[in-house]
Amino acid sequence: MARKPRTEMAFKSGDEMIFGTAKFPVTSKRGIKYGGGYVHPTVKPHPRPGSEKTKKTLMREYERMNFDALERMVVVGHPTLVVENEHVYQMTHTPDWGGDIAAQVARQMDDMLAKYGLKSAHTSTIADLRRPESVHMRTSDYLHEMMASFDACSKYSDHVSIESMGGKEVFDYALIRQDMAGILMGIGYLGSIDMEWCWNQIVDICKKNNCIPGGDTNCSEANTAMFMAGGLVSKDVPHVYAALARAISAARTMVAYECGATGPTKDCAYEDPIVKAMTGVPITTEGKTSACGHSDLASNLIAAVCDLWSNEAVEYHDMFGATTTSVFAEILGYDCAQFNCSIDLGLAKEMQTILVNSDAYRDSHSLILVPDNAWAIGNEIVKNTSKGFYTRARAGAMKAGSIILADTKFKLTAFEKEALEDAMKQMEALPEDEGNFLDMAMPKYKKLVPGFNPDSYGLK
Amino acid sequence: MKFLSDFSNIFKRYDLDTEVKKQEARKISDDPVLDAIGKFVVEGEAEDIEAPVKKALETKAPMDVINDGLVKGMNEVSRLWDEGVYFLPQVILAADAMNAGIALCEAKMGKAMDRKGKVVTHTAEGDIHDIGQVIANALLNAGGFEVINLGCDCPVDTVVATVKAEKPIMVTGTALMTTTMTAFPKICHQLEAAGIVIPFISGGGAVAEEWSTSFPLSIWGKEDGWSCGLAEDALAGMGWEDMRSKWNG
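Residue numbers (my numbering), protein chains in the order written: chain A, 265 to 724; chain Z, 12 to 260.
Treat the hints as calculated values from the structure; they're not laboratory data. One should not assume that every hint holds.
[What the hints assert, rightly or not] The calculated label-pair distances, taken between Cβ atoms and stated as ranges, are:
(1) A:Pro269 <-> Z:Lys122: 43 to 49 Å
(2) A:Ser650 <-> Z:Asn259: 54 to 60 Å
(3) A:His400 <-> Z:His200: 30 to 36 Å
[Unchecked claim] With a Cα cut of at most 20 Å, we get these calculated EDC-like pairs of lysine to aspartate or glutamate:
(4) A:Lys499 <-> Z:Asp26
(5) A:Lys710 <-> Z:Glu58
(6) A:Lys711 <-> Z:Glu58
(7) A:Lys317 <-> Z:Asp168
(8) A:Lys711 <-> Z:Glu61
(9) Z:Lys33 <-> A:Glu685
(10) A:Lys499 <-> Z:Glu234
(11) A:Lys675 <-> Z:Glu234
(12) A:Lys681 <-> Z:Glu30
(13) Z:Lys233 <-> A:Asp500
(14) A:Lys673 <-> Z:Asp28
(15) A:Lys689 <-> Z:Asp17
(16) A:Lys681 <-> Z:Glu35
(17) A:Lys681 <-> Z:Asp28
(18) A:Lys708 <-> Z:Glu61
(19) A:Lys317 <-> Z:Glu136
(20) A:Lys708 <-> Z:Asp17
(21) A:Lys673 <-> Z:Asp26
(22) A:Lys711 <-> Z:Asp26
(23) A:Lys675 <-> Z:Glu56
(24) Z:Lys13 <-> A:Glu280
(25) A:Lys499 <-> Z:Asp93
(26) A:Lys708 <-> Z:Glu234
(27) A:Lys673 <-> Z:Asp17
(28) Z:Lys13 <-> A:Asp671
(29) Z:Lys13 <-> A:Asp279
(30) A:Lys711 <-> Z:Glu56
(31) A:Lys681 <-> Z:Glu243
(32) Z:Lys32 <-> A:Glu685
(33) Z:Lys23 <-> A:Asp671
(34) A:Lys499 <-> Z:Asp28
(35) A:Lys675 <-> Z:Asp26
(36) Z:Lys32 <-> A:Asp686
Here the structure is a predicted model, which means the values were calculated and not measured. Here a beta-carbon is modelled for each residue, glycine too, at the ideal position from N, C-alpha and C.
Just chain A, same shape as in the assembly (with noise of 0.2 Å):
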């Protein structure tokens, strides 16, 4: 279906936003509806080195951990799970090893739900195979991998989702040399328009299949700058330009739901809360609960506007307690309890000003996801959708900018200061016309960065 670019707030304000609902609500097919009061775990299996040698390993092994989890539900009393399957290489590779598995899991919960009438789901995320500089992006080998694993899993599957990869080569290089135009061309402007020609695609696959298109995040890219800034001693890369790079991928990501994807948002999105604001689908966040894949500063904060909670990724091994899977499914599922009571005893915004409080001044990547600054960076971008991808862009994250500098509450070290003083300056002296914007940007990066073809994204 042809994108329809969004250009009002789906939420009136920042306040307006809570965990549990979401504008859009949407129902699984086992009955579970997100975004529509509640909150809802998504537990994230990953399978064990080795468990990929064949076809015949994988499947055991997405059995066992997939059906620990769900098993758990039933054991400890939670009412419902989401079971996000991230294609580890070989299931997209070869579509059929993915839409078998996706086929088992849901064997496995119609088992459930017949059983003890445990309401499930299951989600199957593609994996992106191409790498921008050593494939061409709309005709490898791997594109029609892709896409016919889309159809394979969404057979079965209540939704899909992807972690699509265009303009990561042009970001890798500007990110390492705090090149805001970089960022901004690989992010806001190769990012959006690989996804605009992959989404339409997409949707259209599982309408076919009646299946629901989740959504997309900026894994490869935003993610990337926020593992780099890492922790607070951290000295890889600054934090203010991981804040920069999320800003700047909401405008991106928000192109997967202009396309037709209406949630469960990709849990991996930090820049959902300001998508939930601009789009108002249902969204899902990881926090504190995805350390065991990997560390964030914005642990309890993530969770203020989430529809499903999630753990990031686990791989599959025994523990004291359990086996990995059924250990974060139950944590997962008893933090969802705490979000649901707070909002069935009418203390859902005194809840949501707790999880705020914690982490809000932690960290200029939190401060930017507070909701009333999520609605603001995205309030900029919607208002600036006609004037392009890459305009809309470079306002989402001069705002996110602005955001930090004007708190008089968070505190930069003198780094971190120079830093988005330096960045505010290379924005403000970029071109704000997307057309004049691209006549400097793709001579630039075609020189400096190898491997960056502009006919993969369909430029001359």
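Based on these hints, arrange chain Z on the given structure of chain A.
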């Protein structure tokens, strides 16, 4: 929304407490031309460095420009990074500037400068997350090593064949996914079987120390900043077992 006025009981900002004060770069050379070249490296000015390097090459030998201007500037960058003054982007930009200068010197010499030794780097087959490898490449290059960059999604056989052909002092593998890092022991076993006993550095987001040290030749590379130190040890002839003892465990 209500916000606390004091967060000191909620979290501690170690970054503010431990921030290193900004330092000026030290003098690179008593020769004003070479000093200027070194400063362009320290400041990461890849475009602006070309004019002074060209000017220096009118009167100085290319290897003197490299060793006494460009490399000394990079050494100062390394010091500033080690002391926590510089972050990674400053180092990458400095490496870009140094490489731009070296390219001009090599053009003047009509051949590539001698490097300390070769290092083969790759990201595992099926894995396209190679930013860690890109950074390691830049640091190794800046450290004076010749990098044979095999890129991402690189098959086992390609790595083994390249090592046989290039005879490097060390190999590195990067992986973000646990299901792709399984290529590393395959590479190491094939190298051992061929009688090639050189250090293999296993690194990347998914790669843990316990796993990395579970097969011959492999040493866990915790972070990119270790790249040059590991390569220096390999260059000095330290065996993989001694390197594992030094860097891991």
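Hint check, failures only: Result: hints 1, 11, 15, 20, 22, 23, 26 and 31 break, sorted rising.
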